[in-house]
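Please model the entire structure based on the sequences and the hints provided.
2 protein chains.
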Amino acid sequence: MIRKATVMKVYKDKYDDYKQRHDKLWPEMAEMLKAHGVHHYSIFLLEETGQLFAYLLVEDEDSFSEVAKTEICQKWWAYMAPLMETNDDLSPVSHDLKEVFYLA
Amino acid sequence: MIRKATVMKVYKDKYDDYKQRHDKLWPEMAEMLKAHGVHHYSIFLLEETGQLFAYLLVEDEDSFSEVAKTEICQKWWAYMAPLMETNDDLSPVSHDLKEVFYLA
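From first to last, the protein sequence lines are chains L and V.
The numbers in this note's numbering rise by one with no breaks, and the one at position 100 of the first sequence is 100.
The numbers in this note's numbering rise by one with no breaks, and the one at position 78 of the second sequence is 78.
None of the hints are false.
Calculated pairs, DSS-like style, for lysine-lysine (alpha carbon to alpha carbon, straight line, at most 25 angstroms):
1) L/Lys98 / V/Lys9
2) V/Lys4 / L/Lys98
3) V/Lys98 / L/Lys19
Just some of the chain V residues that point at chain L, by a computed CB distance under 10 angstroms:
4) Val7
5) Tyr15
6) Ile43
7) Glu47
8) Gln51
9) Phe53
10) Tyr55
Bear in mind the hints are in silico, worked out from the structure with no lab data behind them.
Glycine is no exception: its CB is placed at the ideal position from the N, C-alpha and C atoms.
The following block contains the structure:
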């Protein structure tokens, strides 16, 4: 498994909406993620800044890179776009993090 | 297991030192963490800001809260203090994050 981490940003007045929509994640979205080898996907909010720290395990990078191309993912991005900093294609603005330590 | 996430900060000219010291984590520090029920402890760097996002699993909060009181942890803090934003007791300035999503 490959450990991955990314930071995104949610608008400060949208914290509750963001959590509520994730509490009710579309089943098709969960199935698509699992079908692409995604496991233990957590998202944590830093309330002071609105930064969202995502941590996940993926089986392989090639399969994971297909996630963004799926119709369901693009629908989810459009649904979440009013709550988050986004790119022109409505994907969340994301910064990949570099792992500097790991202790099993 | 309890999922936890915290953010700390490393000075911008100290990224390499931070990683190198963690690559050579003192064995006593690793043993102490494991003895206190810490598993899968990752730290990720956001290079743009110097933020360090830590993700870890802990067996229970009471045991984990003892980590900061150990002599080896306090020695580690003193060793790392020149690289990081710290409190008066040399512990890293830390902000806990709130989990807003989890997909197993």
